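Student: So you can see what is in the structure, the chains are spelled out below.
Protein chains: 2
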Amino acid sequence: MSTTDPIFETDFMREMLRQVRALDSYGVHDGKSVEQLLAPFVLSKEARSAIPILGDPDPVTLSRVRAFYNAIAVLIEKECGQMAVPLVHLSHEGFGRVIITVGKLLVLDRALRDAHRFGFESFSKMKTEADKQLSVALELAGRFPEVAGF
Amino acid sequence: MSTTDPIFETDFMREMLRQVRALDSYGVHDGKSVEQLLAPFVLSKEARSAIPILGDPDPVTLSRVRAFYNAIAVLIEKECGQMAVPLVHLSHEGFGRVIITVGKLLVLDRALRDAHRFGFESFSKMKTEADKQLSVALELAGRFPEVAGF
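Just so you know, the sequences run in chain order A and B.
Whatever position you read off the first sequence (first residue = 1), add 227 for this note's numbering.
Whatever position you read off the second sequence (first residue = 1), add 227 for this note's numbering.
Just so you know, these hints were derived from the structure itself, not from any lab.
Keep in mind it's a predicted model, so treat the numbers as computed, not measured.
No residue lacks a Cβ here, since even glycine has one placed at the ideal position from N, Cα and C.
Check the hints yourself; a few may be wrong.
Stated by the list, open to error - Some chain B residues well away from chain A (every beta-carbon gap over 10 Å; in silico):
| no. | residue |
| --- | --- |
| 1 | P233 |
| 2 | L244 |
| 3 | R324 |
| 4 | L332 |
| 5 | R340 |
Said to hold, decoys possible - A few chain A residues facing chain B, derived, Cβ under 8 Å:
| no. | residue |
| --- | --- |
| 6 | T288 |
| 7 | L333 |
| 8 | L367 |
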């Protein structure tokens, strides 16, 4: 790995890499650089709008949605020391709901729309989004420790 | 309806009936008695074990799982005056997770196993189970009103 961008040294991006590697059961992507492995998460506006939103999103796209929220759940768990359980629920045609629970507390609850087009404009935007969601979740867990530890 | 069993006059069974009727978009079951409409929820031990647990449960069985938890969510909502959102998530082969959230509070969180065989030994057992889950959920909502109202 000859990566120089310091963003790949952050906890979140390291965890994203772990999540993506975990999906690669057959080692198809062995030898690829961090950028190459995480590249599918970056979509320009043009690339996004070129993706049709017909039917259900394909399993590979879904596995990326899961990787993103799994990574956030892992960081929540690390930070607050309690199990964080993610659940990505797609109802139909790319609509759905993502939740992360800690004890009896819903630390993250988001509606999914157009999951077919899941992606971020840049690695930096992806990290910013994850950081934002992480801090809201940790703030909630800190505010209601009794519920989070239930 | 010439029903005499007083169980059908309870809030829960009335709500179950409403849920089942809501699924019947084409009026196929119009004219059926309450017992007939709710009959598929009752499975003897023998009938249960005769159902194979291969592959994913069929959509009709799933709609019954949803009807049961929707009914519980409606009663939670009635009782505590706040929106209760059910989510039935099947991961694979009849395994899954059912949650009901009120605000940021997880008032119900259950693992689903062998959803293919979803059913109860009798109407009375079904109602007892629902009452139990309802009272646990309401107890939680009452204990953490700030989180439920978040």
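Student: Can you list which hints this structure breaks, lowest number first?
Tutor: 3, 4 and 6
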